[in-house]
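Model the placement of chain B on the given structure of chain A, informed by the hints.
2 protein chains.
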Amino acid sequence: MKNTIRTAVILVCLIFGSTLASAQSANEIYQVSTINALLQGVYDGEITFKELKQHGDFGIGTFNALDGEMIGLGGQFYQVKSSGQVLPVNNSIKTPFAAVLYFKPQRVAELGAVQDYDQLQESLNSIINDQNYFYAIRIDGLFTYVKTRSVPAQSKPYRPLTEVTKTQAVFEFENVRGTVIGFWCPKYVNGVNVPGYHLHFISDDRKQGGHLLAISLLSGKVQIARITNFRMVLPGAEDFRNAALGKDYSKDLQTAEQ
Amino acid sequence: MKNTIRTAVILVCLIFGSTLASAQSANEIYQVSTINALLQGVYDGEITFKELKQHGDFGIGTFNALDGEMIGLGGQFYQVKSSGQVLPVNNSIKTPFAAVLYFKPQRVAELGAVQDYDQLQESLNSIINDQNYFYAIRIDGLFTYVKTRSVPAQSKPYRPLTEVTKTQAVFEFENVRGTVIGFWCPKYVNGVNVPGYHLHFISDDRKQGGHLLAISLLSGKVQIARITNFRMVLPGAEDFRNAALGKDYSKDLQTAEQ
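Residue numbers (our numbering), protein chains in the order written: chain A, 1 to 258; chain B, 1 to 258.
Only chain A is shown next, with the shape it has when bound in the complex (with noise of 0.2 Å):
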């Protein structure tokens, strides 16, 4: 199995390595809040997208109140609301958790049929190597499955995450031209940003959408750029400061990331 799924990773590039420390703004991942805040409950939005759109093209995340999941793509924002309706994002909305960067890929692999999200997890494996670093994650192509999800707004007192995806809408698309994208981070960044992959997914037609669950893959092209530069602006509201954020929430982050 393992050979199979190496074999239909065609590695095109191969990345750049020592250009990596001295890139400045390219492949710098900007973050706003961190994902146990957002476990937390600590929805309120920090920065307006016009702002966030200074720091990145592309990237994954919120909006205030967690109404819906964030897809940035080639400097073009979306909201996949709990409706299922994908709409561009105003430049006045606040985002209370975000990452986004400069997308500059660094390596480009061709993908065969992939039948789980378990094995396209392998498959990128195989590309990224070096798990100590941030990757940025960009796959094109036609896919035989995708279910995502999407949260619906919440009001206050906001509940934790993991209470919030009990209630979350999921959708099922076939046969569906589009785009996954997103982050893998490092585990030693547990309790800052999700550990391992984080992906969401919005369709060519930008009609469909949302934080990836399950998918199947007929063909793509994977795109990813090694980031060694990651900064991080921490909310001054009340709820961050009174947050309680020095626990260990690996299991309520598995919980509420599927």
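What the hints contain is simulated information worked out from the structure, not anything from laboratory work.
Any given hint could turn out to be false.
Copies of one chain are not kept apart here, so a pair can be met inside one copy or by any two copies together.
Taking lysine-lysine and the PhoX-like style, the derived pairs with C-alpha atoms no more than 25 Å apart in a straight line are [unchecked claim]:
no., residue 1, residue 2
1, Lys147, Lys221
2, Lys247, Lys187
3, Lys207, Lys94
4, Lys251, Lys187
Using the frame of chain A, we list chain B on its own:
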């Protein structure tokens, strides 16, 4: 006891809360590598002090091959060797781990007598309050007792930090004027930096210093900056790529810090 400590701390200035998030380079921590990498023996210098100084005038860290303890203060950077000697840092030396910033204090407090490190931390806790942020800390004062350590330069293959600190040099100073500098980091950055207080010391005559192990203080002035912006640069070197950074090294860290 707690009341005594509280009354010993007189807040002179309060934080300018609303200006925090908009701060650009002032009070943005710039960190090289991660504490887990240092614990695992990733001691090869990544960034020169010439470059490091472009990101701050204040900070702590170490040197290529773990050759001593670093203190940066008012734009001057010092190296406390394991011989006890304190040297100005040459711009061409590299660091494998450091955190610096342009220090703009937002809180100033007068400290009365402080018996020991625990009591100092309690005093600082009463100023810091919101423990979900980073804080840069500077204490100028007359210290009745200071105990520091430094570590000897290592050769390859590098041993983990807990092995090296078994051979650390320990220094004791009495009735010395000097400065304690360092950081408070929130618990959720465990693996990235040192959660809690991490402080170094340097004497006014720049002849004594090191990583702070014990302290008592007659009187002093505390200056504190709350940090909402955090930036990290990961090394591109082989030993960082291959290090096992994903485990919980909290106990090793505790051992190495003492």
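Hints, one by one, checked against the model:
1. Lys147 / Lys221: Only inside one copy: Lys147 and Lys221 sit 19 Å apart there, 58 Å across copies, limit 25 Å.
2. Lys247 / Lys187: Both: 15 Å inside a copy, 8 Å across copies.
3. Lys207 / Lys94: For Lys207 and Lys94, only the intra-copy Cα distance (22 Å) is at most 25 Å; the inter-copy one is 51 Å.
4. Lys251 / Lys187: Both, since 14 Å and 17 Å are each at most 25 Å.
In summary, this structure violates none of the numbered hints.
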